[in-house]
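Q: Single-letter residue listing:
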Amino acid sequence: MSAIAPERTGVTGDRTEVTTGRTEVTTDRTGVTADRTEVTTQASEESQSVRLAPNYWPFVVPALVVVSAVIVFPWAFTLWMSVNRWTLGQSRSFAGMENYLRLASDPRFWESLVHTLTYTSLSVAAPMFLGTVAALIFDARFPLRGLLRGVFVMPMMATPVAVALVWTMMFHPQLGVLNYLLSLVGIPAQEWIFNANTVIPSLVAVETWQWTPLVMLIVLGGLASVPREPFESAEIDGANAWQQFRYLTLPMIAPFLMIALIIRTIDALKSFDIIYAMTQGGPGTASETINIYLYNTAFSYYDIGYGSAMAVVFFIVIVALSFILLMLRQRSQWNDAEGK
Amino acid sequence: MASVTINNVQKAFGDTRIIHDVSVDIADGEFVILVGPSGCGKSTLLRMIAGLETISGGKITIGERMVNNLRARDRNIAMVFQNYALYPHMTVADNMGFALKIKKADPADTAGRVRNAANILGLEKLLERYPRQLSGGQRQRVAMGRAIVRDPQVFLFDEPLSNLDAKLRVQMRGEIKALHQRLGTTTIYVTHDQIEAMTMADKIVVLHDGLVEQIGAPLDLYDKPANLFVAGFIGSPAMNFIAGRIEEGVFRSAGGLILPLPEGARPTDAAGRELVYGIRPEHIRATAQGMPGTVTLLEATGSEIFAKVDCAGEEIACLFRERLPLKQGAQIRIEPDRACAHLFDAKTGRRM
Numbered sequence: 001m002s003a004i005a006p007e008r009t010g011v012t013g014d015r016t017e018v019t020t021g022r023t024e025v026t027t028d029r030t031g032v033t034a035d036r037t038e039v040t041t042q043a044s045e046e047s048q049s050v051r052l053a054p055n056y057w058p059f060v061v062p063a064l065v066v067v068s069a070v071i072v073f074p075w076a077f078t079l080w081m082s083v084n085r086w087t088l089g090q091s092r093s094f095a096g097m098e099n100y101l102r103l104a105s106d107p108r109f110w111e112s113l114v115h116t117l118t119y120t121s122l123s124v125a126a127p128m129f130l131g132t133v134a135a136l137i138f139d140a141r142f143p144l145r146g147l148l149r150g151v152f153v154m155p156m157m158a159t160p161v162a163v164a165l166v167w168t169m170m171f172h173p174q175l176g177v178l179n180y181l182l183s184l185v186g187i188p189a190q191e192w193i194f195n196a197n198t199v200i201p202s203l204v205a206v207e208t209w210q211w212t213p214l215v216m217l218i219v220l221g222g223l224a225s226v227p228r229e230p231f232e233s234a235e236i237d238g239a240n241a242w243q244q245f246r247y248l249t250l251p252m253i254a255p256f257l258m259i260a261l262i263i264r265t266i267d268a269l270k271s272f273d274i275i276y277a278m279t280q281g282g283p284g285t286a287s288e289t290i291n292i293y294l295y296n297t298a299f300s301y302y303d304i305g306y307g308s309a310m311a312v313v314f315f316i317v318i319v320a321l322s323f324i325l326l327m328l329r330q331r332s333q334w335n336d337a338e339g340k
Numbered sequence: 001m002a003s004v005t006i007n008n009v010q011k012a013f014g015d016t017r018i019i020h021d022v023s024v025d026i027a028d029g030e031f032v033i034l035v036g037p038s039g040c041g042k043s044t045l046l047r048m049i050a051g052l053e054t055i056s057g058g059k060i061t062i063g064e065r066m067v068n069n070l071r072a073r074d075r076n077i078a079m080v081f082q083n084y085a086l087y088p089h090m091t092v093a094d095n096m097g098f099a100l101k102i103k104k105a106d107p108a109d110t111a112g113r114v115r116n117a118a119n120i121l122g123l124e125k126l127l128e129r130y131p132r133q134l135s136g137g138q139r140q141r142v143a144m145g146r147a148i149v150r151d152p153q154v155f156l157f158d159e160p161l162s163n164l165d166a167k168l169r170v171q172m173r174g175e176i177k178a179l180h181q182r183l184g185t186t187t188i189y190v191t192h193d194q195i196e197a198m199t200m201a202d203k204i205v206v207l208h209d210g211l212v213e214q215i216g217a218p219l220d221l222y223d224k225p226a227n228l229f230v231a232g233f234i235g236s237p238a239m240n241f242i243a244g245r246i247e248e249g250v251f252r253s254a255g256g257l258i259l260p261l262p263e264g265a266r267p268t269d270a271a272g273r274e275l276v277y278g279i280r281p282e283h284i285r286a287t288a289q290g291m292p293g294t295v296t297l298l299e300a301t302g303s304e305i306f307a308k309v310d311c312a313g314e315e316i317a318c319l320f321r322e323r324l325p326l327k328q329g330a331q332i333r334i335e336p337d338r339a340c341a342h343l344f345d346a347k348t349g350r351r352m
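Chains as they are written, first to last, in the UniProt record's numbering: chain D, 1 to 340; chain Z, 1 to 352.
Derived by calculation from the structure, the hints in this document are not laboratory data.
Every value quoted in this text rests on a predicted model; they were computed, and no experiment measured them.
We treat Cβ as the ideally placed atom computed from N, Cα and C, and that holds for glycine.
Among the hints, a few may not be true.
[As the list claims (entries may be wrong)] What follows is a list of derived Cβ distance ranges for each label pair:
no., chain 1, residue 1, chain 2, residue 2, range
1, D, Met154, Z, Ala111, 48 to 54 Å
2, D, Gly146, Z, Ala105, 42 to 48 Å
3, Z, Ala238, D, Gly146, 38 to 44 Å
4, D, Asn240, Z, Arg17, 52 to 58 Å
5, Z, Asp223, D, Arg141, 47 to 53 Å
6, D, Asn240, Z, Gly14, 58 to 64 Å
7, Z, Lys103, D, Gly146, 35 to 41 Å
So here's chain Z without its partners, still in its complex pose (with noise of 0.2 Å):
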């Protein structure tokens, strides 16, 4: 097991910078997950980490070592892949053990690891089929039984979920996360859905366009987004921006809408200024004396009601947990929850 140091690092094919300045610290045995769009660099940025892309700047610290001129081989780290990329001429044994074959390591030692590593992942009875023999779940296990019997210094696990159904995924999602806690090893993630990332980080770290937007607990990502940015990519559904200015103690929209300053805004401090309103449809209550709107969408799931309302030219979504006697085109009263409304620069996506 090892921490992790990435030092501005920065990653460019040609003239196209991919990763611009990139700096995270990963603690020893700490589970972080790198997330954002596609086409952010958080999977080059894992690549990089692997050892299967070179770094164009900055510097990578695997443990003691800088390992940014060390090959993907000599870093002792294990990776599993989107696609698995298990090996298909082999059974499932020989895919777990081949890391420990190529470096001759005694076959019955090699054996007891994989059987080990079988048992961890409920492999026992599928170690002499061969990968095309395997659902695309079990052929996940392999891929990460293949990492767990290397016993390496960090795994690295580049979206390896986006290929299974969405019942298998939260399945999985619930077994890395126990074996990352059985093992304790530094684990680093990468994924595009906030969900896993809520789910399973210690610690996310929010990408885009090569920059990193902000990297933190996931409830803290959750509580105070940094920027427009993060605030609108963590939590579904998305947060609500309604773009207005403070004025006379209150935030008013272009369209004349009304509402009420965050806790602890004061409204000196942005006087003026072009501001954006962040609310998240969860944190907005029909109540009878909220503003007034107009039901456009209704989507009831039967544990949750998910609706979009009109008010004065804004559209809102709102999410309620309570049975809300409701219809499309209904006149309802809203109102935000103040403690968790967010207000954000326009110009610079700021958090206030």
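Chain D extracted, bound-state conformation (with noise of 0.2 Å):
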């Protein structure tokens, strides 16, 4: 069983913030219920003060064992794990920092980190640029607007295995769609993901395919609760559509962007059915993320110790991304009071 909590933590490692988060919350609620209890005890008589006096432990207890149970214990055993020298299979011994000085000196980790980053990039990229163009599309009004909106949103709906099956058979160089088509207009073949030079922009095709249209449908939302007036007074003032659009339209928006970003960094660092169903990080390794390897390692060749090592340092490299993304956000806020 405990094999699979590598993988597993390297995934909820960006949420461990936010259920944190939560127990605080809840702290601070209990806190609440034990001021109302002394305004009672005051009211009230001596005796009862004793039966009243603040005991918030029982109401914090349950959210801490499911936390503990969820969070902690996964994480502390990840980072013990990554300590060790253990092969499933084989007899576990203490390692230290070996498997992280192994990490530093192993290129295909830091070749799958390069992939990583790459694929992050460019399928954040992409989708955004698409996705706000087609908002901008959708905020306009013409007919048949909600057919062609619904019809634009669907890719979004399929499950990533059918849609990675799918654009695999697209992506076939001599059966595959895609190649008809450039051979009508006199392109030569692409050999797609059958190549390690075009494997990751192909892969992230796929997935910009699939998720331009969440950002589109966050950012026509953004662009829905945008005031009409001060394009009124942009207009009498002389701002022509490009200002219009580069000095109003974009920061007003800019905070339902930021929410698109961090949701498609997220996503895409997180990505692995659609590359794991189409490349298995193929061919060779030119499509292998972090991921990928993680999973390689831990579950193809059951070296878990490496595997956690790994897990520990992508969590950081999630969390570090996490703040630096957080902090953009909050720059980009204008309707928020004081920014926060």
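Dock chain one against chain two, each of which comes alone in its own frame, and use the hints as you go.
A: This is the structure:
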């Protein structure tokens, strides 16, 4: 059973913060309850005051238990595994920082990190750009807008593995529809996911196809919430269409763009299903992201200790990225008081 | 600065005609107020001058230029909106300097003009704030500042004071008037509040159902309303209207109330026709020999007494400046000031 832990911890990494935040809220609430109890105490008799003394532990314990079991324990266990030499089926021994040192000098790990960052930045940038453009188009009024919007959103609802299978067929060098379409306009056949140079852009294309609608929906919501009056004053102030977009629309939807950016970044970093179903990290290791490498290490080679070390490092990368994004998000706020 | 000419302008949304045929001449530097009840087309007319609405017919000229097909951004006008329409994500200074910024003006010059406008409006300390951090009155000032910085040919105001509380409204009224005197820019101002119109305008245009009812100086409109609508709309409390006709040299209402004819009215003019007698509450005096009536409502504010008096079935509103020892239900004799009374044709509504 414990063999599942490393991969999961890697994925749960970004969730840790959120749930920890919740724990704090729970504690606060309990604090309020305690205050109320005190008020009641003052109004009632001395004997009751003992019974009603602030005792909020019973309220906190369930949350603590759940948080410990679901987050703290897997975390601690992953950390513990990462400092052990442990291959499934063999005996375990303490390794200290050995796994981490091995990571530092493992070219395949660094390569997978580069793949992850390339894949992530491309599959964030492309849907962000296309999604924003699509949102601007769907924000305008034109016939059949509702129907087209519905069609546009459909890729998002498909199962990633099914999407991967369909695209694998489309990417097929001999039988795929994409090369057929290219041949119609005289472009030579491409190898798509079967070539080390084009595999990541091809995978990004699939990710973009599937997740542009999500960005579109978020930004469309943002556009709907933008007040119309400032555009009239901008018109009178002499702003042309581009200037109205650049100085009014864009800054006003910035908070929504940031939300889309954060969701996209987290999703792209976590991306596993599409890559695994289409290439398993291949050809060779050309599309092996950290997630894939980690999975292969832990579940193909059963090297749990080394896999755990990878999960820990990857988690730190994710936390650092989230931190940067959250700081950016705060700067993009303009409608909340004091920018909180 | 420029004059504005509105020539037989019409506006229709589909089959609904909002503005039928409006012509107004606005001289360079004039402060003109478009006033009328809601839905009379005054805001639409202003937005047509601004270029935010298309013109269905007629011609609008600003200065020498016919602007019918000119975009709002090319008309060199500035507008203050009812809801201020500030840019919520920009500071006060950026809001005010936006028009110059997108014209790629020298930033130092822009900053100077923004500071200057801020000085005029008392916004110096708020320049780095965001609109959400300002009170309604301050936002109103920023909206005006944004217009001043532009140094436009024409200022347009679309009910700029209606979102402010009563006290602030009176103060801002004075400030806008002072600003106009200081800058001398042609100003077109829309309001539904006839007090605003009376206190600020050089010239008032009374609109009703997409038609001009009367154009004139505030006191002209008050003293010589052209028709029943203007007579009822201008002045507060509103003018009393009593239906009746001229008989034997006096005005006799349907209920038998007899009123003296207005000064200068010749009984032969309208003998036998259905008429409406108009008299403002403030032009009625309590006298010893006037018409007898019963006080049905009494509101004393200290500076004046507002009373409704039932005279032979006609309820007549009166405003007395002197302290009368009145009581509800008391008998009183009142008399209209003949010099300030009006006669209107009941059919056409026109003044006789």
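Q: Quick check: which numbered hints come out false for this structure?
A: 3, 4 and 6
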